[in-house]
Every structure is written in C-alpha cells, then in structure tokens.
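Peer 1: So the sequence lines, in the order shown, correspond to chains A and B.
Per the working numbering, numbering through the first sequence is continuous, rising by one, with the last residue being 434.
Per the working numbering, numbering through the second sequence is continuous, rising by one, with the last residue being 497.
Hints are computed from structural coordinates only; laboratory data are not their basis.
Keep in mind it's a predicted model, so treat the numbers as computed, not measured.
Some clues are possibly wrong.
[Unchecked claim] Straight-line C-alpha distance at most 27 Å; calculated DSSO-like pairs for lysine-lysine:
id: 1; chain 1: B; residue 1: 458; chain 2: A; residue 2: 280
id: 2; chain 1: B; residue 1: 459; chain 2: A; residue 2: 128
id: 3; chain 1: B; residue 1: 439; chain 2: A; residue 2: 26
id: 4; chain 1: A; residue 1: 26; chain 2: B; residue 2: 458
id: 5; chain 1: A; residue 1: 249; chain 2: A; residue 2: 348
id: 6; chain 1: A; residue 1: 348; chain 2: A; residue 2: 326
id: 7; chain 1: A; residue 1: 399; chain 2: B; residue 2: 458
id: 8; chain 1: A; residue 1: 42; chain 2: A; residue 2: 267
id: 9; chain 1: A; residue 1: 26; chain 2: B; residue 2: 459
id: 10; chain 1: A; residue 1: 348; chain 2: A; residue 2: 280
id: 11; chain 1: B; residue 1: 458; chain 2: A; residue 2: 128
id: 12; chain 1: A; residue 1: 59; chain 2: A; residue 2: 26
id: 13; chain 1: A; residue 1: 128; chain 2: B; residue 2: 439
id: 14; chain 1: A; residue 1: 179; chain 2: B; residue 2: 439
id: 15; chain 1: B; residue 1: 458; chain 2: A; residue 2: 394
id: 16; chain 1: B; residue 1: 459; chain 2: A; residue 2: 69
id: 17; chain 1: A; residue 1: 407; chain 2: A; residue 2: 391
id: 18; chain 1: B; residue 1: 458; chain 2: A; residue 2: 326
id: 19; chain 1: A; residue 1: 69; chain 2: B; residue 2: 458
id: 20; chain 1: A; residue 1: 249; chain 2: A; residue 2: 391
id: 21; chain 1: B; residue 1: 459; chain 2: A; residue 2: 229
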Amino acid sequence: MNLIQEVKPKKQKKQPKQGMLENVMKQFESAADLINLNPNIKKILSVTNNELIIHFPVKMDNGDVEIFKGYRVQHNNALGPYKGGLRYHPTIDIDAVKALAIWMTWKTSLAGLPYGGAKGGIEIDPTKYSITELERITRRFTYALGDNIGPEHDIPAPDVNTNSQTMAWIADTYMSTKKPSERSKNQHVVTGKPIGSGGLEGRDRATGYGVFLTIKFWADHENIKLENKTFIVQGFGNVGYWTAHFLEKEGAKLVGVQDAFGTIVNKEGIGVENLLEYTKNNHGSIVGFSNSREIAKGDFFGLDCDICVPAALGNQITENIAPQIKASIIAEGANGPTTVEAEAILLKRGVTIIPDILCNSGGVIGSYFEWLQNRNGELWELDEILERLHKKMKEVFTKVLVVSESKKIDMRTAAYVLAIERLERTYVQRGVFP
Amino acid sequence: MKINKKSLCRTCVHAIVCSLTSNKKFIWSCSEYDAEIIENANLKSILIPNFSFAKSGKEFKTI
C-alpha cells in the first residue's frame, strides 16, 4: 500500500465515544487536520493496536477466591515498545484506558523517545484489600499478562494507586517466569522500581524538574531572569513541590499555594522547604503555615504573580477563571488543567501556555533513563541524570518553540503537530506490511 | 457535591472538603489524590514476616 496515495473515503459507522476518549480523539483530529495528516496514517492512529481484558482469580486472606478484571491497551508501537502506567481503581474501564494509552503515544512521540503508547490497570478498590492480597493480585495479573508485556515490548510504570512496590512485584514475577540465565536481562520490564531494585535516582523529582526547566527555557528565550519573579502553585504533591523547589533555587518567590485543604498566600514569599516540613507534620495540609494567610479558594488563580503552575488536576483554568489570571506564563504541570475555551481567552491576552504534553514530560523521560540504565547494566548518578534530563527537555522545548514561531501557532498545537508528524514520518518511511 | 462514578474523587479521602475543585466529575489525574486507608493498611506490613531475616528484628519501610 502506498501511504502517500489518497484513499477513497469509506463510510464508516461512527462509534459512540464518551468523556475522556472523546476529548483525546478531538485533540488528535484537530491536529491531524492542521498538518493535513495522510488519511491512511490517520486511520492507523485512530485505533488501538491491542486491547487486552483479562479475568483472573486470586485467593484472598480468608481462603475465598475473587475474580478480578485487568486491562492493558496498547495503542501504537511504531516508534518502539509500548509504554504507559498501570492504575488500580474501581472506576477504570476500557474507554478510559484507551484514551490514556493514546495520550501516551503523543507524549512519548513528542519527547523523541523510542516508545509507543499504552495504559492498563485493574478494576479494584485497593483500600479494601490487605497488602498481602494486593501483592498476590499484582503477581497473578503479571502472570496473566504473560508475554503481552516485556522489556522490549510493553513496559508498564506506576500510576494511580500503584507505586514502586507494585513495580518491584511485577518485575520479580515477570523475571521469575524466565529461564534463570535470562532473568536479570528482564529487569527493565517495568520502570518506577525502587532504587535498590533497578530504579532511577531522582525519579521522584523528574517531572517537577522538567516543569521548572520548561519555565527556565521560556524565560531565557524571552530574556527574562527568574530571580525575584513571583509564582503560584496549585497542588503541593510531588510535581508541585519539586517545581517550587527548583524555581525557588533559581531565585523566584512562591507567593501562593493551593492544595486539597485550602489556599495560602504571602506576598513576601513562602519558604518551599519550610512548607514541605510543615505539611509532613500537619497531615499533608498547607493550611495554617506560619507567615501566610488563608484566602478563599476562588481567588487563587487571580493572585498577582508572574508564573502560574497548575500542578494538581484537569479543567482548573476555565473560561471564567481565564480573564482573572495575572501571570504571563502558565506551565501545565498537571494533565489538562486549561480548558479549550480558557486557552483561547488566554492566548488572545498574550499569555503563554506551556502545554502539559511538553511541560510534564520529565516523568516519562525519567522512565526512559531507568529503562536505559537497566538495559545497559549501568548505574547513573543523580547529577548525570539531571544533566541528561536538561539536555532532552531543551531539545524538545526548542523544537516546539521553533514550530510554534515558524507556523505562528500556539505551543500546544505545535506540540501535537510535532508528535503526530514524527509518527507520520515513521509510517511513510517503513510502509505497512505486507 | 456531585461525584461522577467515573471520577477518581469517588475513592479520594479529601473529596468532601477538597478546595481544589467543586467539579468532581471525570477527574482522572490529581496530585492530591489520596486513599488514606491504603497507607494505613501498608503500615501493618512494615514488618515483612515471610523473609527469614525479618526474625532478626529488621524493619523495612514501605517503599
């Protein structure tokens, strides 16, 4: 089949799509239209390669057997092995997993990694199971996945309700199914492992450091010094904290933070490390931190500042919030924090948005480094890892900026264009078998 | 407060008082998501009894 040749339009029954999957497909279709994506390649990228649903039994602590439902969706592997997280949650379903798998394909493609996109998980409320039950559930799921995952085929990572311990169980189970002589060369079947079991130094800060770097690259490009610039952070979890940590190190001043418990401000600055220490002794909450005052949650995004970092959850900056924003740059540490309507308002006002797909890609790049480290039998030191992350993020950021400026499009559209064009190029070069 | 059955908020301990958003529908990623009971359950397993050297009194932090 000649991929360049135009295809006859074929009437296809439109599949009803809902929620997250519909949004992801809309984003893809608008970017595909913009670059005039080859229709044959559009057909390939519009569907997932493999969708696996597994029912598997596990013996509970009381001797009963329960049946669990697990998923693994592999969207596309044109650029390399499938890559994506595993989440344990009762709300998981095939459409959500498909959407997240597609999203991973764009993310890995944009980051220039040799990976495709996947996602998976188990439909389970982990709070209802003991740790030993969770271990058996994880190990039995890994066994049931069999060779549908693998270090050169599909590499899971932590996601909601899974962590480095879960990854250690998966790696151990997967390796145990291999011949003794081959076990150690399968350690990179998962990333996000504990440091003592092949995990990466600094994996905890990779996403936050990446968010900081994209802000720094933008500032350098605009000839702006971050010193004394003010910033606000929504979410003081891993991404929010590490972004704030690196911005503060650069001389910027944290003037507002919002977490699940409340919103605190101080025009004179909030010490990032002191705040972290405070939250550790205050059930994770920022509220009540000394030298700060609490404000109403609705006033957060309207705070006077230079940089705004939404690092908590999606759909936070809406069309009602957008006109209130004082910052000149928004760095999307979270996934999808800005709605389409809000983005249009902000762009019109001249606010720069560093899109999530670029801004928070430090995490998946960190995963790639862990995979490489295991694959090459190496142990990398923290300084070396941060240096490599800096180099990789700089490459990707520059590419997005160049496309954005040359095509006169916003950075989000530029990021999607780059991600999809990379996949298109690969398919054009290698064709479709047979 | 309406929590969609497909939202992460459904199992988040902060959902009722959460100040991040009043829209608890279709939340699929959140830095503040916390299912506290898991952490409590994990605490029970800090001592790993099925390793023989655990008898020596060594304790392991949850990862």
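Peer 1: Now look at each hint and say whether the structure bears it out.
Peer 2: To see whether the hints hold, each was checked on the structure:
| no. | hint | result |
| --- | --- | --- |
| 1 | B/458 x A/280 | holds (26 Å) |
| 2 | B/459 x A/128 | holds (23 Å) |
| 3 | B/439 x A/26 | holds (23 Å) |
| 4 | A/26 x B/458 | holds (22 Å) |
| 5 | A/249 x A/348 | violated (32 Å) |
| 6 | A/348 x A/326 | holds (14 Å) |
| 7 | A/399 x B/458 | violated (36 Å) |
| 8 | A/42 x A/267 | violated (49 Å) |
| 9 | A/26 x B/459 | holds (19 Å) |
| 10 | A/348 x A/280 | violated (41 Å) |
| 11 | B/458 x A/128 | holds (22 Å) |
| 12 | A/59 x A/26 | violated (42 Å) |
| 13 | A/128 x B/439 | holds (18 Å) |
| 14 | A/179 x B/439 | violated (43 Å) |
| 15 | B/458 x A/394 | violated (35 Å) |
| 16 | B/459 x A/69 | holds (23 Å) |
| 17 | A/407 x A/391 | holds (24 Å) |
| 18 | B/458 x A/326 | holds (26 Å) |
| 19 | A/69 x B/458 | holds (25 Å) |
| 20 | A/249 x A/391 | holds (19 Å) |
| 21 | B/459 x A/229 | violated (34 Å) |
The earlier numbered hints that this structure contradicts are 5, 7, 8, 10, 12, 14, 15, 21.
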